Amino acid sequence: MAEMKTKRKIRPRVAMPAQDALARSGNFHEVALGYSPEQALVEAQRCLQCKNPTCQSGCPVEIDIKGFIAALCDDDLAGAYDILRRTNALPAVCGRVCPQEHQCEGACVLGRKHEPVAIGRLERYVADAFLRQAAESPDACRAVTDLDACQPKRVEHRVACIGAGPASLTVAGDLAGRGISVDVFEALHEPGGVLVYGIPEFRLPKDVVAREVDGLKALGVTFHCNWVGGKTVTIDDLFARGYDAVFVGVGAGLPRFLGIPGENLVGVFSANEYLTRVNLGRAYDHLNHDTPAFRARRTVVIGAGNVAMDAARTALRMGSSEVSVVYRRSEAEMPARREEIEHAVEEGVRLRCLCGPLAFHGDNKGGLNGLTVQKMALGEPDASGRCSPVCLEGQTEHLPCDMAVIAVGTRPNPILIEATPDLGLNKWGYVQADKDTGETSIPNVFAGGDIVTGSATVISAMGAGRRAAREIARRLL
Amino acid sequence: MGYTIVEKQELIPGQTTMMVIDAPQIASKARPGNFVMIRTSERGERIPLTIADRDSARGTITIVFLVVGKTTADLATLNQGDQILDVCGPLGRPTHIEPSGTVVCVGGGTGIAAMHHIAKGHAEAGNRVIAVVGARSKDLLLFCSELSTLCPELRIATDDGSAGHKGFVTEVLKDILDSGEKIAEVVAVGPVPMMEAVSRVTLPYGVKTTVSLNSIMVDGVGMCGACRCTVGGKTLFACVDGPEFDGHAVDYAELRARLWQFRDQEQGAMERFSRECRCDG
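Protein sequence lines, in the order shown, are assigned to chains A and B.
Residues 1 to 477 (UniProt numbering) are what the first sequence spells out, left to right.
Residues 1 to 281 (UniProt numbering) are what the second sequence spells out, left to right.
Hints in this document: simulated from the structure, not taken from any laboratory.
Bear in mind that the values here come from a model prediction, so they are computed numbers and not experimental data.
It is possible that part of the hints are untrue.
[Stated by the list, open to error] Only pairs whose alpha carbons sit at most 25 angstroms apart, straight line, appear in this in silico SDA-like list of lysine to any residue:
1) A:Lys365 / B:Glu266
2) B:Lys234 / A:Ala383
3) A:Lys365 / B:Ser215
Isolated chain A, as found in the complex (with noise of 0.2 angstroms):
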């Protein structure tokens, strides 16, 4: 490693592979390809080594960073995947979608004349790279565990988690990993929250998912499907039953509509509907699966959060002809991360930016035809610190639309919070939960993710699984 830390030229960051605009906005491949080996290596070499890596504090769970990257160029891929699975149950995910602008690479040194080691692509290929090569050996556990062979499980020790997305998949894997016995109950028919129903295929294909979900039952956690926590069981019963902790990890919860006129017309979805239908009902590959999707020739999405770059992307990818994602403030405001922008508009999404909607219009039949919009100026900060946007009085245009998509965020889920009445809320009604433990009102009941920030990123949630898990396993062992 010493010569590595000479000075020296630094090289720019090497590109991430990518489909062809053209070509994938007509297709569900993913659109990211991936590093080479060789190209990883390079990246790889870029990192400086900091004695103190700050990166490491930009990321939610802590990840050693510069471990796993030293091991990577060591040649030592294996030894890269034990740092990153030391604290974080599901690197192929999160190396695809954290925002790591805003976290490690935000805080890498070398970002601060030069672009940031890109850790995140680097993170996502040891865990492409291991898997791949695991999945030809036969031992399962070191594949998704740094232990050689699996603990046996101490069933004296049950945790229940309720949901199967990115928090209760992390709390899962952190306890199996120490032999307690972890049960998943997951509402719909398939495990991975988020990951599954809502990211589309082209950013995060389902097999990734579906292989981390395959390491945690390697591990031992039992996966119980179509069990709606609330509804089919209740947290008492789980007690009842003989758990000795229960993690709530049910997420983002209901879509947020905008009030305005015209909203329920034929047409207009909510985000989650229509990336539920696509991603869990596969109706991207309509002529095999019967989930149906609404196909427009001209669709608006309204919001400008990955969910909302998602929704238009999605809709192009579905035969939309025109594709608008509407937003009130400007380019610069919108939450989504930039890559993501930039894929969407390469792709052929257009930005309509300092534009709020007004009022849906519809044919006789019920069904959407347009979209009113009022004009928008960027006007003093906020309380967010963003430029708040002001009407431009009169200034209004009509967009005509056959679909609009609503991507503006959600509100708490009511169905296990009707159900555990002694559970405390926050005043936005999201489930209050200890900063540092996750532990609710009710003690050895935890809670983590969209269901106490409401809707956030998928390393915040796995961040806070951890931090239950943590505690957890301090209570039990």
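Based on these hints, arrange chain B on the given structure of chain A.
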């Protein structure tokens, strides 16, 4: 994995089927008004079906369905001993049942099955239940013997007059309302036009009217908002706020339009299914 069908009965040959499904956990929680989400194959669609009955001791739930599309057609091909891939529930808010006096339960077509579970709940709570059932003809009536055991009064209406009153359930209902007996609540389950007509009839009498909406659902647990409907000017979700709502406040025109959303795609799936079935012989 899967949920075993312990009993299958064709209630109306080629049309309406009843299945008793082994699902002890769901049976232990199911209440009148609840529904389940069902999927019959890996490539199938999730669809909501009302729980028509449950037997918690036996650990079973009963569903009754009309073949209307590919999923129900596929479900109808399954037999006793076969398994249904996914059964998720019980979902939705249970019917609000309290001792309140006389309740009129109106059921139309396949809706009679769901109405039966609600009528049973009211009867068990000590209410006097008048059941009104309607169908095109006598052969299309369901659950009449069960309802006549539960309810002191069972009134029938058929379009062709082959049983009971010749005409609509609303005409029978109006008779009951006009009879002077104090009615605490009217519950209607059936096709949208029937529920709308029932609500229109009860409105001038000021009788509380509850309808059960069969809107399109995808996840059934509140996540997607597909089942949203306007009730009293507010957007509500049938899966978590319902499926039962105040019949006088529902925007039926919107509900009807939303129910037709996927008609073309559904027909496509059904045609493919019929073709494949023929190929398989």
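Evaluated hints:
1. A:Lys365 / B:Glu266: Holds. A:Lys365 to B:Glu266 sits at ~19 angstroms (cutoff 25 angstroms).
2. B:Lys234 / A:Ala383: 30 angstroms, violated
3. A:Lys365 / B:Ser215: OK: A:Lys365 and B:Ser215 at ~17 angstroms, within 25 angstroms.
When held up to the earlier numbered hints, the structure conflicts with hint 2 and nothing else.
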